[in-house]
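Engineer: Protein sequences, first through last, are from chains A and B. Under my numbering, the first sequence has 91 at position 91, and the numbering climbs by one with no breaks. Under my numbering, the second sequence has 98 at position 98, and the numbering climbs by one with no breaks.
Hints listed in this document are in silico derivations from the structure and should not be mistaken for laboratory results. It is possible that part of the hints are untrue.
Straight line, CA to CA, 25 Å or less: simulated DSS-like cross-link-like pairs of lysine-lysine [claimed, not checked]:
| # | chain 1 | residue 1 | chain 2 | residue 2 |
| --- | --- | --- | --- | --- |
| 1 | B | K37 | A | K9 |
| 2 | B | K37 | B | K57 |
| 3 | B | K3 | A | K57 |
| 4 | B | K68 | B | K57 |
| 5 | B | K3 | A | K9 |
| 6 | B | K3 | B | K67 |
| 7 | B | K67 | B | K37 |
| 8 | B | K37 | B | K56 |
| 9 | B | K40 | A | K9 |
| 10 | B | K56 | B | K3 |
| 11 | B | K67 | B | K56 |
| 12 | B | K57 | B | K67 |
| 13 | B | K68 | B | K56 |
| 14 | B | K67 | B | K41 |
| 15 | B | K68 | A | K57 |
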Amino acid sequence: DSGVTQTPKHLITATGQRVTLRCSPRSGDLSVYWYQQSLDQGLQFLIQYYNGEERAKGNILERFSAQQFPDLHSELNLSSLELGDSALYFCASSLLTDHPGAADYGYTFGSGTRLTVV
Amino acid sequence: EDKVVQSPLSLVVHEGDTVTLNCSYEVTNFRSLLWYKQEKKAPTFLFMLTSSGIEKKSGRLSSILDKKELFSILNITATQTGDSAIYLCAVCPNYGQNFVFGPGTRLSVLP
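Could you put the whole structure together from the sequences, leaning on the hints where they help?
Structural biologist: So this is what it looks like as structure tokens:
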């Protein structure tokens with residue numbers, strides 16, 4: 001157990017629907033990152049939150065949104081789902097950001113949520 | 001645009017072989033390079049490299065970074081079937097820690 005908890009583990013839904021993926025970071029970690037991993041794209045950075053605030057955005061579609069709550073858990077909302085959104089969605093957490101040497105800590109990944117859109 | 005390239009994308013070897021996995025990168029800034037092993041689900045951390053020429057070693061795995069030529073290699077000696085996984089290289093370009101991942105090398109070790 002990495003300490004990063006993601007739920008649900010699997011999700012099957014129809015096109016056009018909306019789903020919410022949840023992530024609880026490792027205890028003490030303030031930064032949460034969301035990544036999408038599909039077979040042909042590798043791990044793609046979606047968005048980062050630090051202590052409740054959005055810190056960086058990657059290749060995140062407008063149909064997707066996220067937030068980090070005061071207890072530091074995060075949710076990724078995916079709406080108007082398309083077949084191409086089927087992928088493994090990872091959450092990762094790390095210690096402080098913007099701290100010299102913070103980049104050295106690396107990530108701790110959760111086990112991921114496998115989303116299948118049919 | 002920041003980019004990480006890994007080669008080969010796929011590799012099949014037999015137990016006992018030695019393999020070398022390559023990672024090259026182009027980023028606007030460089031903080032660190034990390035190697036991860038991904039088996040069934042979550043990537044697990046292997047190494048973090050920040051300085052050129054200093055080998056990091058863990059058992060049969062070792063890695064080194066060349067910041068002048070912008071690449072890193074991951075070596076696995078005396079491979080075992082348990083080494084079968086996708087090996088991911090990631091570069092951290094800035095304090096924001098938005099790691100940029102390569103596509104991974106899928107290693108299959110046959111008995």
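Engineer: Against this structure, judge whether each hint is valid.
Structural biologist: Taking the hints in turn, this is what the structure says about them:
no.	hint	in the structure
1	B:K37 to A:K9	holds, 20 Å
2	B:K37 to B:K57	holds, 15 Å
3	B:K3 to A:K57	holds, 16 Å
4	B:K68 to B:K57	holds, 21 Å
5	B:K3 to A:K9	violated, 30 Å
6	B:K3 to B:K67	holds, 15 Å
7	B:K67 to B:K37	holds, 22 Å
8	B:K37 to B:K56	holds, 15 Å
9	B:K40 to A:K9	holds, 13 Å
10	B:K56 to B:K3	holds, 23 Å
11	B:K67 to B:K56	holds, 15 Å
12	B:K57 to B:K67	holds, 18 Å
13	B:K68 to B:K56	holds, 18 Å
14	B:K67 to B:K41	violated, 30 Å
15	B:K68 to A:K57	violated, 29 Å
Hints 5, 14, 15, counting from the list given before, are not met by this structure.
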